[in-house]
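Q: Given the coordinates of chain Y, work out where chain S should sit on it, guided by the hints.
2 protein chains.
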Amino acid sequence: MVSLDLIREISRSSASKIVLLVIDGLGGLPKPETGKTELETARTPNLDNLAAKGICGRCDPVAPGITPGSAPGHLALFGYDPVSCIIGRGVLEALGIDFELAPEDVAARGNFCTLDERGLVTDRRAGRISTEKNAELCRLLDGQLIDGVKVIVRPVKEHRLVVVFRGQGLAAEVTDSDPQQIGVAPNEVSALKRPANRTANITRRFIARAREILTRHHPANMLLLRGFSKKPELPTMAEVFKLKAAAIASYPVYRGLAKVVGMEILETGNTFEDELETLKQNYLSYDYFFIHIKETDAAAEDGDFDRKVALIEQIDSILASLIDLEPDVIVVTGDHSTPALLKGHSWHPVPVLLFSKWCRPDKVSQFSESACLSGGLGCFPATQLMPLAMANALKLNKFGA
Amino acid sequence: MVSLDLIREISRSSASKIVLLVIDGLGGLPKPETGKTELETARTPNLDNLAAKGICGRCDPVAPGITPGSAPGHLALFGYDPVSCIIGRGVLEALGIDFELAPEDVAARGNFCTLDERGLVTDRRAGRISTEKNAELCRLLDGQLIDGVKVIVRPVKEHRLVVVFRGQGLAAEVTDSDPQQIGVAPNEVSALKRPANRTANITRRFIARAREILTRHHPANMLLLRGFSKKPELPTMAEVFKLKAAAIASYPVYRGLAKVVGMEILETGNTFEDELETLKQNYLSYDYFFIHIKETDAAAEDGDFDRKVALIEQIDSILASLIDLEPDVIVVTGDHSTPALLKGHSWHPVPVLLFSKWCRPDKVSQFSESACLSGGLGCFPATQLMPLAMANALKLNKFGA
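Protein chains in written order, with the working numbering: chain Y, 1 to 401; chain S, 1 to 401.
Next up, chain Y with everything else stripped away, as it sits in the complex:
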């Protein structure tokens, strides 16, 4: 991988525009009955047309055999080494609700949960309480001051919340209280390293108070915390790539990931159509757009092959309005594969399509896992995608004399 320092040295700002369309969990596995993956089953004339005019290949988000979470999957697509740039769950969740994390903040992802009279977890999601109830409970917990540390509590959705500890000298190296199973008591938070002792102590005191406050609010009579983390300090895309980058994503966590690398977050609706409308409205104001579509991954995680196929067809059918904007570079790929057959993220390389006036086209005329096998981009680490997109947008100067 070429270092971000090298890219920073040769990148240049220009009027050309790059659009990265991430179809979450795009890659799949063939259905035994047909021998075709979700993408191969879907009728995708627009994607096929782009593939025919562009260059295709496959990328490994992290490395061959490694199944990535959403964070490494996206960081790699943004050009950042997903192994050295670790983003904790708490930070992601906080960024996803547009919470402005200070550099010293420690954030944890929380669930409201149900404890029985013996103190054992009976439901890790407290019966998926409403987001309104969640907000009401968060107000009860928010704003405590413990040993000079302010504890900020914010609702996310249904049973999910974010807890941010704000103060001097906090450390994120503490264990989760969430046992990730039912029938056991929450774990006691403890320090993984000595400098985190105080943070662990404050967290334990906060959890104890929360239990008291929540005791009358069955089924949400307790909370579980996990993924304690601080925001990583990454150079922004403006610094590295000299891009004015914007993110269009309906799901919080993807907005959060975009924010970590300094993208501006554009308000948008819940559908891909909404996202394309947002793209249109903001097209002149940025030179890089990251557009995220979540539903394909969700369908595949549910094991619903056909729904994923239908969603891909639907995406394809409205892709023309993106193509009509004539971005200099269009990249279509996923942050990882999610084969419906596996009902989860997988390690399989993700199909990649890059279209630009300056790409050297290959013979691929269909956007699919098997067609991409013979693509001109070969199989490559996803971190190479940004330099390639930048090159095809003529945004990289020559390296060396």
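Honestly, the hints are just simulated from the structure, not real lab data. Model, not experiment: these values are computed from the prediction. Yeah, the Cβ is synthetic: ideal placement off N, Cα and C, and Gly gets one too. A few of these clues could be false.
Take a look, some chain S residues computed to stay more than 10 Å from chain Y by CB distance [said to hold, decoys possible]:
(1) A102
(2) Y283
(3) N397
The calculated lysine-lysine pairs, modelled on BS3-like cross-linking and capped at a C-alpha distance of 30 Å, are [to be verified]:
(4) K398(Y) to K36(S)
(5) K157(S) to K398(Y)
(6) K398(Y) to K31(S)
(7) K193(S) to K242(Y)
(8) K357(Y) to K31(S)
(9) K36(S) to K53(Y)
(10) K193(S) to K398(Y)
(11) K31(S) to K17(Y)
(12) K398(Y) to K230(S)
(13) K363(Y) to K31(S)
(14) K36(S) to K363(Y)
A: Below, chain S alone, put in the same frame as chain Y:
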């Protein structure tokens, strides 16, 4: 990339011979009217025949998306990491005129230029004065002693010259005086790091004296300096690969690059035919030959698709005399792509052909970008080419027990 230390450990000297033919800027982009690149358009029976019997692929000189200058492009082909081995413009220019740089020398590339009465640059090339006039002016500037440092001034070609500062304790970290544009005054040379303060000072004094000396020589009434650099200390090809390596290149800068890795420079003429004659005459004395052809790159930089095609055909037509020598390994590639459509170096992978008795042939029967897509070498970093050539020449011992 396998380290040079590992190669040094397993390389062995033998009678077998390797010829690396670098067709500068070889890779291209398809002409929209035909869908064929320069190489695909050219009729190349000899190259196709070699491709059919050999193994093909594509290489990235530096990394995907990175457009290399000539120096990184060639260093990679010679097996050296082009990112860590940086060669400055000044050093390149000095080596290219067969100037023997001492390890402590600081070299700068110079242009004679024209200043108007206000001291602003009106022509960065002083009307491209003749090489004879250049030599005459260099003699006026040469040999000054400033603060114990000898300033050596040598003509290159037309308006170009080399200035070498020779003395103790010099540092290359100084800024260019060449503003790279007209209508402005030359920049004042300043130190980028404190140890370069004295060098910057000496350079400023030299430039001031040069201005006085040149004042009556309009249009060449001033000089501009850039690319201050010292010769990098690289292990030679003899040390790493145990090769007796020779370079045959009609253009100075490529001879200079070959010299940096310790090749011997063979005197040759201006044409590929001259170069092949030089190869024949010296064939018994060396076991590695680097042959460089510049014209293809020049044609593509001019945007002249057809001239590049014609040059490739011409190269192919006289290739038989190289093949007839029956080298054990023939490698044909470029140091980078230069598509006529882009009129400049580009990031596109470069087609590679490796012919040897011991290669495992693939199905490629034409030497072209698209045919190389399915070549047995795949797409690989150009630094891997030397180990591959060495292996195919049976010049690498087994690694490990």
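Q: What are the numbers of the hints the structure violates, in ascending order?
A: Every hint satisfied by this model.
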